[in-house]
Amino acid sequence: MNDTDGDGLPNSYERSVTQTDPTQADSNGDSVIDGLEDWDSDGLVAYAEFREGTNPRDNDTDGDGLSDGFENPIQGLDPANLDTDKDGVTDDKEDLDGDGLTTENESRCNTSVRQPDTDNDSVSDGNEVNKFGTDPRTQTSDNDTLTDGEEIQIGTDPN
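Sequential numbering of the sequence shown, starting at 14, is according to the numbering used here.
Don't read these hints as lab results, they were simulated from the structure. Every residue, glycine too, gets a C-beta built ideally from N, C-alpha and C. Hints may be right or wrong, so weigh each one.
[What the hints assert, rightly or not] Taking lysine to any residue pairs in the SDA-like style, the calculated list, with each CA pair at most 25 angstroms apart, reads:
no., residue 1, residue 2
1, Lys99, Gly76
2, Lys144, Ser120
3, Lys106, Asn156
[As the list claims (entries may be wrong)] So the derived label-pair ranges between C-beta atoms look like this:
no., residue 1, residue 2, range
4, Asp100, Gly66, 19 to 25 angstroms
5, Gln128, Pro23, 44 to 50 angstroms
6, Arg127, Arg28, 19 to 25 angstroms
7, Lys144, Gly101, 53 to 59 angstroms
8, Gly56, Val30, 14 to 20 angstroms
Input sequences plus hints: build the corresponding full structure.
This is how it looks when you write it as structure tokens:
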């Protein structure tokens, strides 16, 4: 890999993909080297996008409605592939953990696509969002001493 400026990006990649100067580590002079820039604001820096094969100028390389940063590496989806598991269902329409929320909904709610109960309160993320109106990211939506799951079980309002 020929990287003249030492920013972590190959010269050819800088010329053809990022359109940065392969002889200057910080092409735009903002004190951030090109390999650490996040030009598309998807949470992945240019070096990570190079490594993963995604486009550092497009926050949704595969066009499935999920940002490259959401898909990878946290959720284990391939941001360069519209249908990671090749089952005929695009990644955004999958319900990978069976909680009743599609990956697209999990992205909006900031919940895990691999764990059906992100906050471990004994209520699935799908039920929290669609049935009870509770926050699937916190165990107690109303900030009392009982978890949402405990309140639902004993019949009190978790909100």
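How the hints compare with the structure:
no.: 1; hint: Lys99 <-> Gly76; result: holds (15 angstroms)
no.: 2; hint: Lys144 <-> Ser120; result: holds (18 angstroms)
no.: 3; hint: Lys106 <-> Asn156; result: violated (32 angstroms)
no.: 4; hint: Asp100 <-> Gly66: 19 to 25 angstroms; result: holds (21 angstroms)
no.: 5; hint: Gln128 <-> Pro23: 44 to 50 angstroms; result: violated (36 angstroms)
no.: 6; hint: Arg127 <-> Arg28: 19 to 25 angstroms; result: violated (37 angstroms)
no.: 7; hint: Lys144 <-> Gly101: 53 to 59 angstroms; result: violated (29 angstroms)
no.: 8; hint: Gly56 <-> Val30: 14 to 20 angstroms; result: holds (18 angstroms)
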